Amino acid sequence: MTVETKTNGKPHVNRIGLTSQDYRGGETTLCQGCGHNSITSQIIAAAFELSLAPHQVIKMSGIGCSSKTPAYFMSRSFGFNTLHGRMPSVTTGAVLANRTLLAIGISGDGDTGSIGLGQFKHMVRRNVPVVYIVENNGVYGLTKGQFSATADVGQTLKYAGTNVLPPIDICIEALAADCGFVARSFAGDAKQVRELLKAAMSFHGTAVIDIISPCVTFNNHHDSTKSYDYGKAHEERLQDIQFIPRFDEVHIDYDEGDERYVQLHDGPMIKLRKLGRDYDPTNKWHAIELLERARQNHEFITGLLYINTQRQTLHETMHLTSTPLAYLSEEELRPSRERFERVMQRFM
Amino acid sequence: MTVETKTNGKPHVNRIGLTSQDYRGGETTLCQGCGHNSITSQIIAAAFELSLAPHQVIKMSGIGCSSKTPAYFMSRSFGFNTLHGRMPSVTTGAVLANRTLLAIGISGDGDTGSIGLGQFKHMVRRNVPVVYIVENNGVYGLTKGQFSATADVGQTLKYAGTNVLPPIDICIEALAADCGFVARSFAGDAKQVRELLKAAMSFHGTAVIDIISPCVTFNNHHDSTKSYDYGKAHEERLQDIQFIPRFDEVHIDYDEGDERYVQLHDGPMIKLRKLGRDYDPTNKWHAIELLERARQNHEFITGLLYINTQRQTLHETMHLTSTPLAYLSEEELRPSRERFERVMQRFM
Amino acid sequence: MTHVIETETQPRPLDDLESEPIVNDFSIVAATVNGSGSQTANNVLMRAIFKMGIPVSGKNLFPSNIQGLPTWFIIRVSKDGYTARRDTTEILIAFNQRTADEDLASLVPGGVCIHPNDVKFTNPRSDVFFYPLPVRELVRQSGADAKLRDYIANMVYVGAVAELLGIDMNEIKAALERHFKGKSKPIALNYGVVVAAAEWVRANLSKVDRFRVEPMEKTQGLILVDGNTAAAFGALMGGMTVCAWYPITPSTSLVDAMTELAPILRADPVTGTTTYAIIQTEDEIAAAGIIVGAGWAGARAMTATSGPGLSLMNEFVSLAYFAEVPCVIWDVQRMGPSTGLPTRTSQGDVLSAYYMGHGDTRHVVLFPGTMTECFEFGYLAFDLAERLQTPVLVLSDLDLGMNNWMSEPFTYPEKPFDRGKVLTADELERFKDWGRYKDLDGDGIPYRTLPGNPNPRAAYLARGTGHNEYAIYSERPTDWQQNLDRLTRKHNTARTLVPKPIILDDELANIGIIAYGSTDPAVREAGDILRARGIRTAYLRIRALPLEATLTDFLAKYERVYVVELNQDGQMAQLVQLHAPEYAARVRSVRICNGLPMTAQFVVDSIMRAEQAKRE
Amino acid sequence: MTHVIETETQPRPLDDLESEPIVNDFSIVAATVNGSGSQTANNVLMRAIFKMGIPVSGKNLFPSNIQGLPTWFIIRVSKDGYTARRDTTEILIAFNQRTADEDLASLVPGGVCIHPNDVKFTNPRSDVFFYPLPVRELVRQSGADAKLRDYIANMVYVGAVAELLGIDMNEIKAALERHFKGKSKPIALNYGVVVAAAEWVRANLSKVDRFRVEPMEKTQGLILVDGNTAAAFGALMGGMTVCAWYPITPSTSLVDAMTELAPILRADPVTGTTTYAIIQTEDEIAAAGIIVGAGWAGARAMTATSGPGLSLMNEFVSLAYFAEVPCVIWDVQRMGPSTGLPTRTSQGDVLSAYYMGHGDTRHVVLFPGTMTECFEFGYLAFDLAERLQTPVLVLSDLDLGMNNWMSEPFTYPEKPFDRGKVLTADELERFKDWGRYKDLDGDGIPYRTLPGNPNPRAAYLARGTGHNEYAIYSERPTDWQQNLDRLTRKHNTARTLVPKPIILDDELANIGIIAYGSTDPAVREAGDILRARGIRTAYLRIRALPLEATLTDFLAKYERVYVVELNQDGQMAQLVQLHAPEYAARVRSVRICNGLPMTAQFVVDSIMRAEQAKRE
Ligand SMILES: Cc1ncc(C[n+]2csc(CCOP(=O)(O)OP(=O)(O)O)c2C)c(N)n1
Ligand SMILES: Cc1ncc(C[n+]2csc(CCOP(=O)(O)OP(=O)(O)O)c2C)c(N)n1
Ligand code: SF4
Ligand code: SF4
Ligand SMILES: [Mg+2]
Ligand SMILES: [Mg+2]
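Protein chains in written order, with my numbering: chain A, 1 to 348; chain B, 1001 to 1348; chain C, 2001 to 2616; chain D, 3001 to 3616.
Chain A on its own, in the form it takes in the complex:
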């Protein structure tokens, strides 16, 4: 894959002539070492590598430390830092208004798992096209360290004490709502995050990536299942993931037993190389079982958990005209006199 390197002193540019620099945003105001910052870097890298046109991207978020990050990448893209837990609906509205936009949504575990759970599930159900990233640290960062709904049982926090409630698993929730792209990753696993991001950005429909993203200030002690230490020690990758863009010439190695290719909508593919266990990412029940077991046994499994490219997206089910609604002209929007009269007749 292309990564930013300098060749002959000139910055490396991508297919649309932009440098990686062009995908950066403002300076972060998050804590030093915050997992969210790593994810920001990978979003920048993925967007650069995919040669996304910045003005065609919208960066959406809720409220939280995580939700601040859209300010820190792609400042040439529009964005909307919305309300706590309500990014799904605002995003739905935005992509309805303009179907050509690529929405990248950033949320937190509190934002999605607590206040926003209902919206999240219904957005998934509608298959709203969006790359939906949950920067999951098991804690409310911005309000200073309360438990979120993804905190594991038995975790302790300085002020909040010990958590006794079972965690909500974002991936299980997405699966139950029939999500067509469900993945989990770890902010400390830069490559996997990046490859998953590129795949998600190329997916048609809701793509959910739940990324464990340590909060160094409030939830990074050794015994926290959302800490760097724990993640590094326990991450078990389901597969080795490589995104293969359409424009790449790839030698597809049909080493069937170990590799598997998933074809995305407009040509690109995901190459999954088997690691420890046999896993079929197109079987939803197995995905749920895997996750339920992992939840129970505190396993930390990452990778592409489920993919299904068959579901119709919101735009498809709504039969929208191909021009973005937002860009229709007055002529296209105002009904003719004939149509007007046809309706008036009904009231006569």
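Errors might be hidden in some of the hints.
As the list claims (entries may be wrong) - Taking lysine to aspartate or glutamate pairs in the EDC-like style, the calculated list, with each CA pair at most 16 Å apart, reads:
| # | chain 1 | residue 1 | chain 2 | residue 2 |
| --- | --- | --- | --- | --- |
| 1 | D | 3415 | B | 1331 |
| 2 | C | 2185 | C | 2145 |
| 3 | B | 1158 | C | 2260 |
| 4 | A | 158 | D | 3260 |
| 5 | B | 1158 | C | 2256 |
| 6 | C | 2415 | A | 330 |
| 7 | A | 158 | D | 3256 |
| 8 | D | 3079 | D | 3528 |
| 9 | D | 3415 | B | 1330 |
| 10 | C | 2079 | C | 2256 |
| 11 | C | 2181 | C | 2171 |
| 12 | D | 3490 | D | 3469 |
| 13 | D | 3490 | D | 3441 |
| 14 | A | 144 | D | 3441 |
| 15 | C | 2557 | C | 2506 |
| 16 | C | 2415 | A | 331 |
| 17 | B | 1144 | C | 2256 |
Unchecked claim - On the chain C side, residues computed to face chain B include the following (Cβ under 10 Å):
| # | residue |
| --- | --- |
| 18 | 2260 |
| 19 | 2312 |
| 20 | 2339 |
Calculated from the structure, these hints are not laboratory results.
This structure is a prediction, so every number in the text was calculated from the model and none was measured.
Note that beta-carbon positions come from the ideal geometry of N, C-alpha and C, so glycine has one too.
Given the coordinates of chain A, assemble chains B, C and D with the ligands onto it according to the supplied hints.
Just chains B, C and D with the ligands now, with coordinates in the frame of chain A:
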């Protein structure tokens, strides 16, 4: 089991000396034939048979035709017809205030699956003690026939057209949130509804019963999966269920292969007699798999889907004093001067 | 018609009974059971009278359930063209045994009671005329399918009323044909029952009462429409592109009408692809979120809701106000607080709407008062929202929205859309110092860009947090204060752009009346009655918030100004007082809050009482 | 200290520089980076001065993030006991390179700048005194662990300031001991740095400025506390049994304090079982739902939130109002609309709170203005909620809630709980015609029963829909109207029960000032300044809504009444005008909305300007 019969001209009374009549409510204002009315009857029967003390029961509901039903049973019980989708939180508050109350919550598929999904899931997660009944007709009855989130794909309604979105499965949602008692039934299957209700009323924690309850006015055409006809034709019972109260002398027939007993907290048991298939209601993954398959293949499986009596209830996790908070006296509530001074010292 | 009479009754003097026929000036009340299909019968009756050239208005008082509870339909027939509700019933169709006694008690002396012959009255009256009908028999004779019988039974009263009042049978037939969209079988079945009932009445009863209709020429060219349909039509004419909603009475029928009309008006006739998206959401928060997202991205976005839904939208409205996102919210008001009376009307959300959201917020609110305004505000709301880059609330109510009203036909909107200050990539080139929240024109309204705009300077991050003129996050006190000051400036600009009040002046007036929305017919009628009693009034109808100078001038002219409204707290009266504190003491509130539409009588009585008190 | 000065500056005349020492009358501003632990240093400094008997107040201006952004802590030292914010900075602790230039620019001439010797100033000033400190070196010498160094660095300025101003080192030590709860290691480490810094200053710098502290006897017996802690303490003393909440700045620390104090006050010392439940919910809607359910079932239930959360509670408040369920909502106001400035103060929710919910609603709202009131309203709110069977909102704000204030110690509440009209099974026996919503006493307040009451007549179905006096569903217009009329009567009863305004009278006053909440210190100080300038004012501090007769009388007395508040729209001024329309024209709004606490100077300037305009 006891059912109301007249003996020597006198109405049959239960263990606390009440007749079935004493468990009735006001006259229904629902449509004739509405599935919700059948469920109401079974609630009355179950409460009578269990000899529930009416004043210790609270009837909770949201908004909808279903949520009106608390007016039609147990008029000697307190109740709260709350807001659309928000019964879970009001119930949580009520049982926190008075831990001795038995809460019976009635909701609709719109109430729980659409607007109330977030509250529902978080209530389950907290294991709030409540019998949570969803009177599921796939449609918004009270607002006249829009699709709810549980409507099957391809269903058509007069005004709303054809549903294209995948249904939310209330039972899967409950399972994903770690519910300890998950059942599905059919308003047309009076006995199963009643036995499940008695079991749920004896369960400690959140007990969810999703009851397909046809809306005769808006969603009862033959091809609707929520119609009487469909239900009668397609219901597949997982088990034959019998609730065995502690006070009954039962001959426990250990015909192991076919029967299975689940012990509830204070003595009663549920007897499950195997019907068509082998099914273990204590395995959560299997329950989810069963439901996922059923959702995909439009199977209509009823029975006790999952039971787990191990989870701590909200009261247990909160270490509340045994006296209901609402009934604590001023002496118990106002801290002593000594304790007051101890705190004042901190500000000196 | 219990639910109406209990508030006030105007019994007619008994000696009236002797005098002449009463032509085209009475109210018919059909008391039936809901879910029985009586709506068809009522609409057919109303339409037939309307088509005879006689002014009518219809009000449906229905319960908040689906089937089996009492419901009343009031048809006011008024040669003078008055369309407000009246408290008196002259002709009762007593087709509901459960309410028969109370309904009968509400009849005026000399009134008429048409009823099935098996309905029992506990205290039959001697001062009204009874016309019992063999409903069962007539239905049986119709040969109608058993499951249609309840429904068909209502046609019996259509026939009887037609016969007794002299309604043109051709118009009844025409109304049935229209209702059944020309399908001959149901038309024949229903019309057959109507005719049979009429014939039975002619053969078996003799007309003893004084009421009848006679053709006039007062409704030619007029239409009958409900406000929700008018609003949906207007919105579609105004280029509505995204409508996100959650069902709630009485706003549901607005979106239903939109769903019905949109394919006719706005779909591609060949491919069926649409230039709009109507999306039913999981709740009102999501509906609000979707229109905020869509409005931000450049759609003309709207929702329709009522009280409880409005409450849920507070947080989003606060965001849209502050992030300056255009969107339109129709609040078809029902009776609150809380779930309240979902099927009764009210004007109780005025303050909630104006001050909606936490922090310092006040909004543009429109108050349609006629069918034409429901239609026109349907598109005007988008123009204002996009011009002002802010949420616009339109406060209709159940009475306007769900009842049928006579109206002049709507006219095709000639004024082009106002899409406000939106900069394309090229236009942005011309702006050297553009900032998303920069006031370049001094009117408080900044220029915006839409996502997808390829100009590298176009992008910005919208947010509900403090920002400077360049949309950059800021906690600086001056940035915050300046931004709020600009929003205040914008609100003052709104004052100049919203529809001005309508004034019905009277040079001899010594008192003023202010009203808004659905009470307009009652206030106009009250003005006439008051004039007849020697009190001359001037009338100002508010059509929008924020309030403006016309209102101040009006207040300046009259020593006492009565603000008439359908709520408990005199909400508009409060806003009028705040608008012109110097005249606050002149403002008197005339209000009632019982779920029923306003009557002229209540307005007259309240003002007479107050004026008399003044004099004493 | 950019964020403060930009609004108004009061430069001192330069010739002042010549005169005497300035003792116990100046402001210290510590400009640091948040997340660096400077809070400990600031609190130690403040506490030490306080313990020397000198009145102090502290205001923390912090950003809405966790680490790395500029933050300012202002300690006002005032021999006269004034505690309001001032716009001037006399002593700057410039410990943040990023804001150093702006901070320096904000110093008064003759002011003091204490800074690390590696901080660079772009435009050094010649009219202020610089004291550069070798911070790195001193920290290194302390031997502190590398990861503690940022934190320890702040102790350097504690030592320097102590030395330069003459703060008692024993008090510094005592404050550190208190902070570290007696743990000797951190005490030694921190105090060591303080001492080393003080010694370094003594050895290397000479004092050239005029500022210093001298012991007084003005704070003996007083406490230092923040309003959120006081509120939590009060609520626990008042028998709070259910607290459901969702984290949101600046209300979070209220529940944090409750979580900390509750086990001390209300848990069984042996078993640990509790007589309260504090539950963190998934959002504010659930929090509201829980307290409504708990209040209905008989708990003293409360939540704490801020603007966005308040917006989400609208629907539930409308329900609680109408179903008449007691519950308490603390709204610790921050700057809105929308997410706004989460860490800045405001009084912007007055109208939102008063009119909260759709339909006709208006609520009981309390406005604590002192620490004692935060404490007392903590329990009083429950008494009122249960007495009136209605939601009670308490509007505090970030300034009151999160800053430390001097206060008289709280006194043990002697008045027994008022649990309102609750009927036990036996009591109910005595009521022949009890109905849940029946007004038996003429005060609009019905009697209620609690779930679990075994009297067979006790049960009822609570609901947000229309009901009659017996809690039976009803759509009858008279039932509805009578119920609303009773609620209006109840609101008028509330008027007589809520805390009366506090009046600071002046017989010679010719103008009135009205204020409420956290602006109290600024208004009192302003009164003194105005008197010195020849303007005598009377001052009324509102402590609750609904407004009542005392206020009307006050308005009647003065031709011009200034309502001082921290919001954009003069929200309380509006309510004052509505309360007494006859005096509406006398009401003038004095308001600012920039996120900073009110200053006396702003009040003085605004009133002087207005009064002068009047005279001209
Ligand atoms: C309606 C509302 N309630 C509460 C808040 C306060 N709040 C801001 S961020 C946040 C939690 C953020 O947690 P999470 O989503 O996990 O993000 P993180 O900071 O951990 O990345 C809360 C409760 C808010 N902004 N809005
Ligand atoms: C906040 C809010 N939004 C909308 C409504 C209107 N409403 C009443 S009932 C209902 C749907 C009921 O559907 P369901 O829960 O399935 O119950 P059913 O009537 O089918 O039994 C809706 C949308 C409301 N009461 N409150
Ligand atoms: S508080 Fe936690 S989540 Fe927030 S920026 Fe710091 S490390 Fe990241
Ligand atoms: S509309 Fe449907 S759900 Fe409602 S009462 Fe009638 S049959 Fe039941
Ligand atoms: Mg988090
Ligand atoms: Mg339903």
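With chain B as the partner, please determine if residue 2260 of chain C meets the hint condition of a C-beta pair closer than 10 Å. Holds, because the Cβ-Cβ distance from residue 2260 of chain C to chain B comes to roughly 8 Å (cut-off 10 Å).
Measure nothing beyond the straight line between the CA atoms of residue 2181 of chain C and residue 2171 of chain C; if it is 16 Å or shorter, mark the hint as holding. holds, 15 Å
So if I understand the rule, the pair passes when the alpha-carbon distance is 16 Å or less; does residue 158 of chain A with residue 3260 of chain D pass? holds, 12 Å
Given the hint that residue 3490 of chain D pairs with residue 3441 of chain D, test it: the Cα-Cα distance must not exceed 16 Å. Within the cut-off at roughly 11 Å; holds.
Hinted pair residue 3415 of chain D and residue 1330 of chain B, Cα distance within 16 Å: holds, 11 Å
Take the C-alpha atoms of residue 3490 of chain D and residue 3469 of chain D, compute the straight-line distance between them, and say whether it is at most 16 Å. holds, 14 Å
Closest C-beta approach of residue 2339 of chain C to chain B relative to 10 Å, hint status: For residue 2339 of chain C, the interface hint holds, since the closest Cβ of chain B sits about 6 Å away, which is under 10 Å.
Within a Cα-Cα threshold of 16 Å, do residue 2557 of chain C and residue 2506 of chain C meet the stated pairing? The given pair, whose Cα atoms are some 12 Å apart, holds under the 16 Å limit.
With the threshold set at 16 Å, check whether the alpha-carbon distance from residue 1158 of chain B to residue 2260 of chain C stays at or below it. At roughly 12 Å apart (the allowed maximum being 16 Å), residue 2260 of chain C and residue 1158 of chain B satisfy the hint.
Keeping to a limit of 16 Å between CA atoms, is the pair of residue 3079 of chain D and residue 3528 of chain D held or broken? holds, 14 Å
Below or equal to 16 Å on CA atoms is what counts here, so check residue 1144 of chain B against residue 2256 of chain C. holds, 11 Å
Quickly compare the C-alpha distance for residue 2079 of chain C and residue 2256 of chain C to 16 Å and report which way the hint goes. violated, 33 Å
Hints 10, 14 from the list above are not met by this structure, while the remaining hints are.
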